[in-house]
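Asker: Each chain, letter by letter, is given below.
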Amino acid sequence: MGEAIVITSGKGGVGKTTTTANIGTALALMEKKVCLIDTDIGLRNLDVVMGLENRIIYDIVDVIEERCKLHQALIKDKRFESLSLLPAAQTSDKTAVTSEGMETIIKQLKQDYDYIVIDCPAGIEQGFQNAIAGADKAVVVTTPEKSSVRDADRIIGLLEKEEMEAPRLIINRIRNHMIKSGDMLDIDDIVQILSIDLIGIVIDDDEVIKSSNHGEPVALTPNSKASIAYRNIARRILGETVPLQSLEDEKGMFSKVKKFFGMRT
Amino acid sequence: MHEKKQAITIKGTRDGLTLLIDDTCSLEAIFKELDEKLGDTQPTNDGKLVSVTVKLGHRYLNKEQKEQLHDIISQKNNLFVQSIDSEVIQREEALAWKEDSEVKTINRIIRSGQVLEITGDLLLIGDVNPGGKVVTTGNIYIMGNLLGIAHAGANGDKDAVIAASYMNPTQLRIADCISRAPDYEAEGVYMECGIIDKETDKIVIDQVQVLSQKRKSLSGFERRMSNG
Ligand SMILES: Nc1ncnc2c1ncn2[C@@H]1O[C@H](COP(=O)(O)OP(=O)(O)OP(=O)(O)O)[C@@H](O)[C@H]1O
Ligand SMILES: [Mg+2]
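From first to last, the protein sequence lines stand for chains A and Y. According to the numbering used here, the residues represented by the first sequence are 1 to 265, in order. According to the numbering used here, the residues represented by the second sequence are 1 to 228, in order.
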């Protein structure tokens with residue numbers, strides 16, 4: 001029986017789709033059976049980031065409205081046999097998807113896959129409710145900006161009302177020089193305010209944009225910083241204890257690493 | 001009409017008049033007697049107001065009846081009603097008092113977009129995050145970080161206080177006073193409290209230690225008993 005993880009944020013554009021694509025890819029790299037679901041109806045992106053757009057025939061709304069079987073709508077990844085994508089609909093009416101519809105699909109997918117990773121739309125409306133409906137766990141993505149942290153806090157508040165494990169946090173697009181100069185919130189401050197476990201930090205890395213333009217998730221590149229960060233997150237999802245990546249090129253972060261992982265595991 | 005016993009005893013004290021009203025006779029009789037008795041009192045010629053305390057004993061008066069009583073007395077020369085005391089209150093009022101004076105302990109984080117409303121005093125073990133809000137009719141004590149909005153004494157109690165382990169709030173509100181964070185980025189303060197300064201009628205922040213001087217009876221029950 002698999003586990004469904006929703007990737008959410010509240011605020012738009014902070015990296016949910018990127019995170020979904022990369023966590024999914026990294027888990028597949030570790031030989032897990034993974035299915036990604038794009039729930040951003042009308043603004044589907046995940047297929048583009050995964051480089052699978054040209055393979056789409058059916059989508060999630062077709063499944064819900066029974067125009068096709070679930071397995072017909074699943075797209076096999078071009079790199080990993082064990083990785084699939086259930087794409088969002090690009091044109092259909094948003095109201096086609098319901099929480100019950102999502103729950104049914106996820107329940108079915110959990111029979112066949114180890115991990116279901118759900119890409120959530122921005123906002124707190126029905127799309128968000130649908131995305132979290134069938135999830136067992138949640139990962140909240142924020143950037144080190146006040147507004148993004150504020151929205152993450154709002155989302156965590158909403159998630160806490162659900163029957164779900166406490167969500168875990170990813171801080172994305174960190175720019176070390178800005179943190180150092182005091183122009184960006186630092187990791188400690190964010191974790192203190194949100195007071196949920198940190199499951200990863202990802203620096204702002206041009207490689208992310210480059211590779212998503214090529215439809216190749218950055219987690220596939222051997223040693224860019226963001227790539228390592230995503231693979232570390234995947235390992236933590238699998239239950240390994242992996243220290244946080246150093247933001248510096250030297251080993252300046254070690255004390256911080258100890259602080260987060262010493263305390264919480 | 002003439003055969004009735006004394007329903008009202010008037011006592012002069014240093015602070016004015018005290019009217020002791022027998023709690024066994026009818027209200028009409030009392031109003032009537034009051035009208036007659038007070039009509040007799042000579043207006044003092046220095047024009048000073050004489051304060052009147054009415055003691056109802058075990059009689060319960062509703063709001064209109066109290067107003068009526070009040071009107072009869074204040075229509076007389078130089079008299080004003082200081083208070084109308086009764087030994088009894090309604091069950092409802094008593095329950096409201098109890099509710100109002102309890103300290104409710106809540107153990108969670110008030111996150112952005114969440115509002116926690118409480119009757120009485122709040123002991124919050126946890127933070128109020130930016131965008132979060134706590135509102136109480138009594139005092140607010142926070143063992144944690146106050147970064148959002150706290151509103152104490154929301155029904156108008158200006159003696160209410162807001163205390164926190166750490167505070168760097170967006171706004172503090174006590175009764176109808178509001179103070180907001182400065183527009184520049186400020187460091188917060190540890191173990192301090194917000195109270196209304198009686199002289200300026202503005203919220204000031206001070207160390208929690210001043211509360212033992214400035215808010216002697218923080219215990220909500222005593223405070224509200226004496227405030228009515
Ligand atoms: N770590 C990173 N470094 C550099 N660029 C990044 C990083 N993470 C995300 N981005 C870029 O930020 C943009 C937004 O990312 P993404 O589409 O994943 O966000 P989203 O939260 O899914 O947005 P939406 O709310 O619109 O669905 C993309 O152009 C992406 O390439
Ligand atoms: Mg997206």
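Take these hints with a grain of salt, some might be off.
Said to hold, decoys possible - Calculated pairs, DSSO-like style, for lysine-lysine (alpha carbon to alpha carbon, straight line, at most 30 Å):
id, chain 1, residue 1, chain 2, residue 2
1, A, K32, A, K180
2, Y, K202, Y, K104
3, Y, K216, Y, K133
4, Y, K104, Y, K11
5, A, K180, A, K76
6, A, K146, A, K32
7, Y, K11, Y, K48
8, A, K137, A, K110
9, Y, K133, A, K161
10, A, K107, A, K146
11, Y, K104, A, K161
12, A, K146, Y, K216
13, A, K210, A, K225
14, A, K137, Y, K133
15, Y, K216, A, K11
Stated by the list, open to error - Ranges between beta-carbon positions, derived for each pair:
id, chain 1, residue 1, chain 2, residue 2, range
16, A, K210, Y, M143, 57 to 63 Å
17, A, N213, Y, D206, 54 to 60 Å
18, A, D188, Y, N62, 57 to 63 Å
19, Y, D206, A, R175, 55 to 61 Å
20, Y, D206, A, L238, 33 to 39 Å
21, A, S147, Y, S179, 19 to 25 Å
22, Y, K66, A, T98, 31 to 37 Å
Calculated from the structure, these hints are not laboratory results. Backbone N, C-alpha and C fix where the C-beta goes; we use that ideal spot for every residue, glycine too.
Asker: Does each hint fit the structure? Answer for all of them.
Answerer: Results for each hint:
1. A/K32 - A/K180: violated (38 Å)
2. Y/K202 - Y/K104: Given that 30 Å is the threshold and the Cα spacing comes to 27 Å, the pair holds.
3. Y/K216 - Y/K133: The given pair, whose Cα atoms are some 27 Å apart, holds under the 30 Å limit.
4. Y/K104 - Y/K11: Judged against 30 Å, a Cα distance of about 44 Å means the pair is violated.
5. A/K180 - A/K76: Violated, because 43 Å separates the two Cα atoms, which is more than 30 Å.
6. A/K146 - A/K32: violated (35 Å)
7. Y/K11 - Y/K48: holds (18 Å)
8. A/K137 - A/K110: Holds. A/K137 to A/K110 sits at ~13 Å (cutoff 30 Å).
9. Y/K133 - A/K161: Answer holds: Y/K133 to A/K161 is near 17 Å, not above 30 Å.
10. A/K107 - A/K146: violated (36 Å)
11. Y/K104 - A/K161: Within the cut-off at roughly 21 Å; holds.
12. A/K146 - Y/K216: violated (40 Å)
13. A/K210 - A/K225: Holds, at about 14 Å.
14. A/K137 - Y/K133: holds (27 Å)
15. Y/K216 - A/K11: It is violated: about 47 Å lies between the C-alpha atoms, which goes past 30 Å.
16. A/K210 - Y/M143: 57 to 63 Å: violated (48 Å)
17. A/N213 - Y/D206: 54 to 60 Å: This hint holds: roughly 57 Å between Cβ atoms.
18. A/D188 - Y/N62: 57 to 63 Å: holds (59 Å)
19. Y/D206 - A/R175: 55 to 61 Å: violated (40 Å)
20. Y/D206 - A/L238: 33 to 39 Å: violated (52 Å)
21. A/S147 - Y/S179: 19 to 25 Å: Holds - the Cβ-Cβ distance for A/S147 and Y/S179, about 24 Å, lies within 19 to 25 Å.
22. Y/K66 - A/T98: 31 to 37 Å: violated (58 Å)
Hints 1, 4, 5, 6, 10, 12, 15, 16, 19, 20 and 22, counting from the list given before, are not met by this structure.
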